[in-house]
Amino acid sequence: MSDQAEKSVTAPEKEEAAKTEEKVPLYTGYDLDYFVTPKDLIDAVRKLDQAGFFLEDISCLDMKEGFQLVYHFDRFDQPGRVGLRVMQDRENHDVPSIHHIYPGADWHERECFDFFGIRFKGHPNLLPLLLDPDHQGPPPLIKDESARKSLEELYPDRVTTPVNIEDEQFTREITNCSNPKYRNPS
Amino acid sequence: MNLDLRLDTSGDFYAQKFQPTKREDTLILNMGPQHPSTHGVLRIILEIDGEYIVRAQPVLGYIHRMHEKMAEVMSYPQYLPNPARTDYLHALAWGWAHVGAVERLMGLEVPERAEFIRVITCELNRINSHLLWWGAYLLDLGAFTPIMYAFDDREIIMDIMQRVTGSRLTYCYYRFGGVSGDIDDRFVSETREQCARMKERFKMYKALVTENFILRKRVEEIGEISVDTCRRYGATGPVLRGSGQEYDVRRAEPYSVYDRFDFNIPAYNDCDAMGRYLVRMDEMQESIKIIEQALDALPEGDFIHPKAPKRAKPPAGDVYFAVEGARGKIGMHLVSDGGKSAYRLKLRAPGFSNLSLFGEVSQGTLISDAVSILGSLDLVIPEIDR
Amino acid sequence: MIAKSIRENLQGMWSLLVGMKVTGKNFVQPNITVHYPRQTVASLEGYRGHVELVPHDKDPTKSKCIACSNCVRICPNSCITMKAVKPKKKAEDKEAAGDQSEGKKKAPAKKAKPELQSFILDYNYCSLCGQCAELCPTGALRFSSNVYLAGFTRQEFVIDLLARLQRQAQTKGAPNG
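Top to bottom, those sequences are chains V, B and D. In this text, residue positions in the first sequence follow my numbering: the first is 23, and each later residue adds one. In this text, residue positions in the second sequence follow my numbering: the first is 70, and each later residue adds one. In this text, residue positions in the third sequence follow my numbering: the first is 919, and each later residue adds one.
For the record, the hints were derived by calculation from the structure and aren't laboratory data. Worth double-checking, as some hints may not be accurate.
[Unchecked claim] For each label pair, taking beta carbons as the anchor points, the in silico distance ranges come out as: (1) 376(B) - 939(D): 52 to 60 Å; (2) 181(B) - 963(D): 22 to 30 Å; (3) 328(B) - 1064(D): 41 to 49 Å; (4) 88(B) - 939(D): 49 to 57 Å; (5) 953(D) - 283(B): 29 to 37 Å; (6) 198(V) - 257(B): 38 to 46 Å; (7) 266(B) - 963(D): 14 to 22 Å.
[As the list claims (entries may be wrong)] With a straight-line cut-off of 25 Å between C-alpha atoms, the simulated DSS-like cross-links for lysine-lysine are: (8) 922(D) - 275(B); (9) 138(B) - 165(V); (10) 272(B) - 939(D); (11) 138(B) - 86(V); (12) 275(B) - 165(V); (13) 976(D) - 922(D); (14) 268(B) - 943(D); (15) 143(V) - 86(V); (16) 268(B) - 939(D); (17) 272(B) - 943(D); (18) 358(B) - 203(V); (19) 409(B) - 165(V); (20) 943(D) - 275(B); (21) 286(B) - 922(D); (22) 939(D) - 286(B); (23) 86(B) - 143(V); (24) 86(V) - 382(B); (25) 976(D) - 379(B).
Glycine included, each C-beta is placed from N, C-alpha and C at the ideal position.
This is chain V alone, in the form it adopts within the complex (with noise of 0.2 Å):
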């Protein structure tokens, strides 16, 4: 807030920053995290529902490049957090809703649908679920055109072109992932 506090912060701030960046890139919670165009999310979640995952949650991000939506998926049986990441434009909302794959996302998207106001193409029931319908003004998680910061800016080093999810890699990839620290108690 004033200069004062941003000094007593500086001294210790940069030695973290040092540390981390000396370590060996830290455990995001992540173990596969995939860029796919809006096209694929469908054939994506589906393979993901075949391969046993259960969805987690709908984040959504704004940025400068539009709409950002992150599905998170995890697994019962065999743990390992998959992250599909979907770019989206701020007119037009061409992201497909999930919802029956996972009736679980119906929820998920009317949230996105009101903090930010994102239309999923075929829900069957796009109305306000936790905002007051009578809500006027723009969707509350929206920012302020100077406030949005770019993809560069909020991962750094990370590709984030989308993955081809006709790839034999990427089913692979899916079946077998796992989170390192789980162990069988058997």
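Got chain V; can you put chains B and D on it based on the hints?
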């Protein structure tokens, strides 16, 4: 409760948008938002055929506070008290999810003693949460006495917790890199005493309630949820374990020092409300096992990392951190742009996913059974609405 | 079939009797609840009332606060407002330097301690997280322990802690003022 005729358009937004089935002999009934069995302000629009539910649609958002926006406005330490307000029953697990996400992004180490303190207090909190659920659930089913016994035990745990954390319900105890205060010998001895006492109490609970004929009739073979239903809706926690799937974040994705403790993951194959009831009853005993092991192995050292930043400022990037709360998997997706406050913080509320399957499960059940199912899902509405 | 249902019912009756036994046993136990206005609970250690200022070791009417306003900044709900003035001589300096850009210039020149004029806590919005007390460099904040704080209006919970401290210093021996 107000009864609506099928063609009445005078209802509010959700009543008008409600899509009933094509049948003509049904009624539409509003349950809540002040119905006592919904534990707060949950509203369910029911289409009923006599006493049977044809279609049920929960309506949320009555105590929505936009915690996710607050995270973007407040600095990281300022947000510390917030997670406790989402789920007031298992406040510490939510606090843990928040500090855990920030620590993971910053690569901040937590001293061993602090980890143990976190485990002990979080498990005590879990017992408290389950005890309140137990009392309140039985209250829903018409048994008044058990909640009195539950509060007797809760009170002792809250007294123990109050001495170290300063609060009784909405704890704000965890800090980035540790906890806000150390525990002392008195805490240790009182916790041990309480653990010993609880073991006796569980026997009493079993004799008084679990084996009770009337309870069994109300919960057995009611609200059957298969593992696949849980998977499609993303239900976790006791709801999932009550369906026979041994999935617990403390095992699946071990955080902190949970991988050092020996504990079981209770799971029941019955898939009904009784299964979920038994899972929670067993989980309290498992929590006691964890607490006792943690107290035995409690190391000396700092309760907070000496270099823990007072004003956290994680580097740009995003992380996901999940912990096991009393209701299931609590997840936090934190995206930082390197600033003083989060760029985006997404909270995954376990109750949100658990409740979303209610519409499917309640189809064809009696209203009184739906109350039993709702109770067995262990809903905390502030957590669902966030 | 009939035999099974009879057996089930008998077991059910037995479970009710067992439950009644538990209830009966507890019925003769002493009371564990407290009749509040006539009795009070003993276990109030660690209770957090609103924050209060810690008196200076030498002068109980003065606070340890050095008006660094760290607590003001950390407070999640912005419920602290403080007013402090620098001693006279420095105040003049400040006026002189006022024309130039403030902030950084002022910091090195500041030697005399600013004196706390008022420390107002809006307890209505406090969430008792305790970060103000933790962050305080001089340990000038602590939690009070008045459990029985009650009032009729919101205004009663907007408390000037410095005035409260001075009041307490005058009527000594009543820490829960």
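Run the structure past the numbered hints and jot down the numbers of the failing ones, going up. Hint check: 12, 13 and 25 fail, others pass.
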